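Please construct the entire structure, taking both the sequences and the accompanying hints into account.
Chains as they are written, first to last, in this note's numbering: chain U, 13 to 85; chain V, 856 to 1379.
Fair warning: there could be bad hints in the mix.
Have a look at the derived ranges for each label pair, beta carbon to beta carbon [claimed, not checked]:
{"hint": "1", "chain 1": "U", "residue 1": "Glu69", "chain 2": "V", "residue 2": "Ala1293", "range": "31 to 37 angstroms"}
{"hint": "2", "chain 1": "V", "residue 1": "Arg1248", "chain 2": "U", "residue 2": "Phe57", "range": "48 to 54 angstroms"}
{"hint": "3", "chain 1": "U", "residue 1": "Asn52", "chain 2": "V", "residue 2": "Leu1348", "range": "52 to 58 angstroms"}
{"hint": "4", "chain 1": "U", "residue 1": "Phe57", "chain 2": "V", "residue 2": "Arg1051", "range": "29 to 35 angstroms"}
{"hint": "5", "chain 1": "V", "residue 1": "Ala884", "chain 2": "U", "residue 2": "Lys21", "range": "52 to 58 angstroms"}
{"hint": "6", "chain 1": "V", "residue 1": "Val1328", "chain 2": "U", "residue 2": "Asp38", "range": "23 to 29 angstroms"}
{"hint": "7", "chain 1": "U", "residue 1": "Thr62", "chain 2": "V", "residue 2": "Asn1142", "range": "28 to 34 angstroms"}
{"hint": "8", "chain 1": "V", "residue 1": "Pro1336", "chain 2": "U", "residue 2": "Pro68", "range": "22 to 28 angstroms"}
{"hint": "9", "chain 1": "U", "residue 1": "Asn52", "chain 2": "V", "residue 2": "Pro1336", "range": "34 to 40 angstroms"}
{"hint": "10", "chain 1": "V", "residue 1": "Gly1190", "chain 2": "U", "residue 2": "Glu69", "range": "48 to 54 angstroms"}
{"hint": "11", "chain 1": "V", "residue 1": "Val1351", "chain 2": "U", "residue 2": "Glu69", "range": "53 to 59 angstroms"}
{"hint": "12", "chain 1": "U", "residue 1": "Pro68", "chain 2": "V", "residue 2": "Gly1056", "range": "39 to 45 angstroms"}
{"hint": "13", "chain 1": "U", "residue 1": "Pro68", "chain 2": "V", "residue 2": "Val1351", "range": "40 to 46 angstroms"}
Note that these hints are calculated values from the structure, not bench results. Please read these numbers as outputs of a predicted model, since none were measured by experiment. Beta carbons: idealized from backbone N, C-alpha and C, even for Gly.
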Amino acid sequence: MEQILDMLKREFPLIDFDREKHLMTDGILDSLAVVGIIANLEEMFDISVTMEYIQPENFESVEAMWAMVEELQ
Amino acid sequence: MSYHSIQFLGFVGVVLLVYYTVGRRRQTAVIALSNLAFYAIVGLKSLPFLLSTALATFFAAKRIGGIYRETDAVIKAAEPSARKQLRAEAKARAKKALIAGMVVAIGLLAVCKYAAFALENLNAALGLAHLPQLPIFRLLLPLGISFYTFMALSYLLDVYWKRYPAEESPLSYFAYLSFFPHVVQGPIDRYNDFKRQLEGGVAFSYEKLASGAQLMMWGFFKKLVVADRLGLFVDAAFGHWGQRRGFVLIAAVVTYSIQIYADFSGCIDIVTGVAEMMGISLKRNFNHPYFSRSMGEFWRRWHISLQEWFKDYIYFPVSTSAFVKNTKRRWAKAGKTRAAELFGSCFPILVVWLVSGIWHGAAWKYVVWGLFHAALLIGSAILEPVFNGMNRRLKINTSHFAWRAWQMLRTFALCCLGRVFFRADDLRTAFGILRRMARPGIVWAKVFRPSTYGMTIDRAIVSIVAVAVLIVVDAVQERIPIRQTLNRRGIPLRWVLAYGCLFAIIIFGMYGHGYGSAFIYERY
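In structure tokens, the structure reads:
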């Protein structure tokens, strides 16, 4: 999970990922940002994020993203 | 029977009476029957097209659901090493059903809406090669086909992507797809949202009935008092654009931008109000878009349900497609990192806006309109760091009211520019209007004369006041939810406002013989 957090902090330095738990619901991340995160996750963990997984709840928080990655690995 | 007709009000009254008296278990059936009755009144010829799309997508999704049910049990029991292979096989089988359903739904839309346009362009190409022309056939454009096709596709794809299981009851699915408030102009609702609200039935609620009626009334005001009044000047200006120039044409485009907002959001308010009276919340479609500070924000606040549809079913699938991923990887390997990044972010936007343009109509003007917005969005994404740097260097306080107002004005102006393509009869006319808009020639003494806009003084005053009311209400709504706030106030104030709105519609509304017009988005 630390790897994801580091990547997010590097890509979006202005967002407090430790505290924000509703990144999609609160409109903090937009579709362009989600596509960028997907590309990074696929490269970092050698996974393929298919359309089943591209749902707001999988990108709400670092924990949600990590749970998705674990499922895809 | 248009949504802003007296007949429609009568129809809604009958539906509500039956809906709340038959018992909760039968409400879905009442909705389905009401939808059939609505189609029978509005356009019976459109019904076979709607039924074909409904049946094809229902059975395709049912087949996909069946395949997943069968294979999920097998996958669970299988060795972990074999699961990936089994999943891929199940997906391949489900894909065949998905494609079959999509071919019928998209095929009907394509044939009805785009066949004539495709043939016209083919004939133009054949003409250049001095080859014989093909006959052009024009089919009936079934009512609401662009909207219900998108809803059917969203259901089919969601089932395929396992977002929710396939519906077992054709009645429930038909009730959703053809739901009479959203079938003609949207909002483009999602099946799971709709179904969730009808589970267990809807109990009668006076608050919802009153709240829905208030929203309907505001929708009538927007359509009959604002949109149709402004339409008089807009139609006259665009109808004789060759004789006008400069300020008058600019005023016409600005007025059209307000007219289309009042017209479309007015319709959405009416249908959302009807659905609310039935205890069903439709997707929000507008969020005061003209207060947006960038084009990106504008498109997150205008026709929201369509933009979300494009995001979920075009933008994400294209962004994560093998084609985009492989191209980015190939370019990055060749050292073109920036180009790979740009391709990854710009290509899906381009595809979305090309589809959006074509979805709005079978004409080149819509393609150009789509490309115009794609260029604006791509340009602003690329240049954002440059603009931010400029703001820092020039020490601009970006949170200052004046700067925010400038951003809103700039966004509105860009939006108006795009509207020229939307409103003009064709692409040639659009460019002609743009050329004449740029021609000076204003006689300042005439600017404030209503006759310059083909209006009398009283009509001009009513139009200006109506637009001012619309702006003030929208501005207040940006800060507080008006209906919820009013509903907490005493009955006298609520009734005074309700009667005020009703009398404004009766006195100043454009209706009756020789007046009134269809909703602008009905034709899409």
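*Out of the numbered hints, which ones does the structure contradict?*
The structure breaks hints 1, 2, 10, 11, 12; every other hint is satisfied.
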